[in-house]
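Following the hints, put chains B and C in place on chain A, whose structure we already have.
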Amino acid sequence: MIRVKRLFSNYIFTRIVRAILTIFIVATLTFFIVRLMPGNPVEIYIGQLISQYGMSFQDAKNQAAALFSINLDAPLYEQYLYYMRNLLRGDFGMSFLSQGTPVSTMITAYLPWTIFSVGISILISFSLGIILGMIAAYRRGGLFDHIISTIAAILSAIPNYLIGILLLIIIGVQLGLIPVSAMRGTVSPGVTPGFNLEFIKDIFSHALLPILTYVVSTVGGWTLSMKSSTLNTLGEDYVTVAKARGLSEMRITFSYVGRNALLPLFTSLTMQMGFLMGGSALIESIFVYKGIGWALGASIAQRDYPVMQAVFLIITIAVIVANFIADLFYSKLDPRIKVGGE
Amino acid sequence: MDNRILSIENLSIEYSNIRGKVKAVRNVRLDLYKGESLAVIGESGSGKTTLGTAIIRLLPSSGYIKEGKIIYRGNEKEYNIAQFNESELRQFRWKEIAMVFQSALNSFNPVLKIWDQVLDTAKAHGLNNKSIVREKAMDLLRFVQLDPERVINSYPHELSGGMRQRVLIALSLILEPKILILDEPTTALDILTQRNIIELLRIIKKDMGLSMIFISHDLSLAAELADRVATMYAGAIVELGSVNDIFYHPRHPYTLGLIKAVPTVSSSFRELYSIPGSPPDLINLTPGCKFYPRCEYRTKGCEEAEPTLVEITPGHFVACLREGDIADGR
Amino acid sequence: MNWKHLLKSIFIEPLILISRDRAGLIGFIILLSILLMSFIGPYFIKLDTIVKLDQIYQFPSRAHILGTDNQGRDIFSQIVNGGKDVIVVAFLAGLISTLIAVSLGALSAYAGGFTDTVIMFITEIILTIPQFPLLAVLSAFIRLTNPTMLALIIGFLGWPALARAIRAQVLSIRERDYIEAARVLDLGRWHIIFSEILPNMLSYIVISLIMAMTGAVYSQVGLIILGLVPFYGHNWGLMIQLAWTRGAIFYKGSIFYILSPIIAIALFQWSAVTFTRSLEGIFNPRLRIGE
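Chains as they are written, first to last, in my numbering: chain A, 5 to 346; chain B, 1072 to 1401; chain C, 714 to 1004.
Since the hints were derived computationally from the structure, they do not count as laboratory data.
Glycine included, C-beta positions come from ideal geometry on N, C-alpha and C.
A couple of the hints might just be wrong.
Claimed, not checked - Quick partial rundown of chain A residues pointing at chain C, CB under 10 angstroms, derived from the structure:
no.: 1; residue: Leu33
no.: 2; residue: Ile290
no.: 3; residue: Tyr309
As the list claims (entries may be wrong) - Keeping only pairs whose Cα atoms sit at most 27 angstroms apart, straight-line, the calculated DSSO-like set for lysine-lysine is:
no.: 4; chain 1: B; residue 1: Lys1148; chain 2: B; residue 2: Lys1194
no.: 5; chain 1: A; residue 1: Lys247; chain 2: B; residue 2: Lys1194
no.: 6; chain 1: B; residue 1: Lys1331; chain 2: A; residue 2: Lys336
no.: 7; chain 1: A; residue 1: Lys247; chain 2: B; residue 2: Lys1105
no.: 8; chain 1: B; residue 1: Lys1277; chain 2: B; residue 2: Lys1148
no.: 9; chain 1: A; residue 1: Lys336; chain 2: B; residue 2: Lys1201
no.: 10; chain 1: B; residue 1: Lys1137; chain 2: B; residue 2: Lys1194
no.: 11; chain 1: C; residue 1: Lys717; chain 2: C; residue 2: Lys965
no.: 12; chain 1: B; residue 1: Lys1276; chain 2: A; residue 2: Lys247
no.: 13; chain 1: A; residue 1: Lys247; chain 2: B; residue 2: Lys1140
no.: 14; chain 1: A; residue 1: Lys247; chain 2: B; residue 2: Lys1207
no.: 15; chain 1: B; residue 1: Lys1194; chain 2: B; residue 2: Lys1184
no.: 16; chain 1: B; residue 1: Lys1249; chain 2: B; residue 2: Lys1276
no.: 17; chain 1: A; residue 1: Lys247; chain 2: B; residue 2: Lys1092
no.: 18; chain 1: A; residue 1: Lys247; chain 2: B; residue 2: Lys1201
no.: 19; chain 1: A; residue 1: Lys247; chain 2: B; residue 2: Lys1184
no.: 20; chain 1: B; residue 1: Lys1137; chain 2: A; residue 2: Lys247
no.: 21; chain 1: B; residue 1: Lys1137; chain 2: B; residue 2: Lys1184
no.: 22; chain 1: B; residue 1: Lys1277; chain 2: B; residue 2: Lys1105
no.: 23; chain 1: A; residue 1: Lys336; chain 2: B; residue 2: Lys1194
This is chain A alone, in the form it adopts within the complex (with noise of 0.2 angstroms):
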């Protein structure tokens, strides 16, 4: 028992420690990006500042400060623990446009719709790729793999955001399936929250057009990938000394086949995590659906640099709890893993 303890927590621990660690080091790369690069955004603010409302050097640093939640006095490393004991405390400054908005309000308000939609999205996609591949895999050379696989092929190969525009266009604009305009934002207004079908009805649709998007373009290569993997493990000697058990066709391509097949899939999963809260800084500008990709397109249009800075480490931090779930999801599948750490 105390040996199984402790692998398990060297394979968690591990993850852990690594997850900590690179979030610190984005911080810390932000923050010295902020602060250090020529023509960086503290400068050009109190230049601004200077120049056109024609502050003093102490007035625009103290309102800097202040926006940027730093100590602009203090020596470099000072400042540096400064905004680091910040940001622990979740206090990213105010944002620029919004004078007066903390930014931590705005990135309470925004994170959770692309969670929610990215999350539904790739729920929806990874379940509908695997089943798709793995009757592709098994009717290999049919019909249904030759349309599938092709069509999968060309959805991958498209950029998301293309894909997002041609939904965009098709769905709302040439065949007027979609009030477009108003589906911008992610409720309507006078909706009240809570779990009442109202409000779920009218945040789903709302988020349809960027799940629909993040769904289609990422479906295909769910599919090619199971797939390829079922493939794979169709040809392994343990499913057919299965067969040669006598075991159900059911019991074989569900426990056997299926399970096994799943597993390298999983690597891929916390790739797309990340690649999709990449994306959604488009595909969310797109729609206007008003997520931390919308956040953070618009903070950069607008040069907001607080704003900006902090949704970038959220999306990051989002990024890396994420795959740190989907890590230990995979640990508790895969009984390999226990052992020996890595």
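Only chains B and C this time, still in chain A's reference frame:
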């Protein structure tokens, strides 16, 4: 009463390949008598594994039975395995005939515990009583000299290669099959483990009265465990006889070559012998004897017609025109 | 190192084998056509910059194969002239990524030990950071004044994804006998990497390069659409960005204007990926389907 539990009659098996049809097994006729151990010996590509897997109809998708019968006589009835449908095959496999494949290293589902896989097997054949199945499994694990408690709750990767081979052998006996086919049971194992497995198989042979078929390229396995030996070359049986006949009175040049190729402890390096040449292309077969290009004893007549099995002494069959000239031993 | 043999195996044989793989052949032809159109086409079909307000959003006709845009300019000429910038930047970025990935991946795999751990650790860190947001944020800080800068930052962020795969490939080659022989002969680490290991991975490297290019197209066009790349003259990405900011997306008549660049980009990506996949099948026969 017919003493033959399995009769293979005029069996021909082919594989579809881009270059043509691979004639892996050609018109093989072979009987397995109740309670005996039969070894099928040959090099890679001889067709022995194809023959073995065909008995339980587990050929890969590109393989098919071109013609012939596989008659199984059990439960006081006669069946032609070659004509079973999927459902009949599923009931038949492992229950009547079990096959232990080469290198059990990957024979178990990596994500399921051994117990789950044992239960799978039992349930698939209608044995749903978990406690009975567990008791049987534990007995068999003890029989193959493994620690039952430890093994049954393990995942396959937690066991060594030799252990997995034993577990597979134990599992193969759980439904009390009448015939056990073992394909290269000792290949890919180290020498010590090989010895253990051979001893185990000897005990099984003695105590359980199963009929067994050993498929191997390793002659010494046949010498240890077989009652009768068949040597296969290029998809056909070229010699068949009791283990004494084969080892002390071999009459086919190929069998002779195989025996000569086994180095003894006392032989020096200079005396190492190997059959020159390589196996023929099974897609485009030449007429006449297939061993002709590599044969020391070849003559003119060998190229024209393929020799068939002829009984030269009771129970000893050879397919060679020059069997009469072939001396015993080296 | 037999150069003639090497060239033959890289160019001639694959072409023969590709012609047998239908999808790969179509991909190759389309890719070649797009490349020809983008680099040679502009000499024949000049970009239509004349504003003709009486010909806004015309449907395709004999005069204008793909119709006209919101200022009466011919769309087809815009498509023909729109690929070069994108492809050149993508190629540069891909080249940078591949060079870094190959050097670091090979070094990491060959040297092993501490070097390997350090390089892989850095790779992991960069990989975890979502690439597109990082690019977007960097483009706000760094003034992107010319295509080379754009190619540089995309290239410098793109190598980790490739490095891992390269390292895996080198690891498998490292164990082979001729490498062992070279090591025994004490031929020097970099010499071994560049003269013995890499030439055997040339096909793999070419495939990595093409895949890096498609990734660079994704990043590049994404940045352009978000309006973060201010210096460009005219290209497919810019067409999409203009259509979006001018609301052309929501106007039914402008469908050719918005669809043309999207299809051009999509075709380029798809043909590159398909061609690469069939190349993979050729250089790694075990992957070949149907045999």
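Numbered hints the structure breaks, given as an ascending list: 6, 10, 11 and 21
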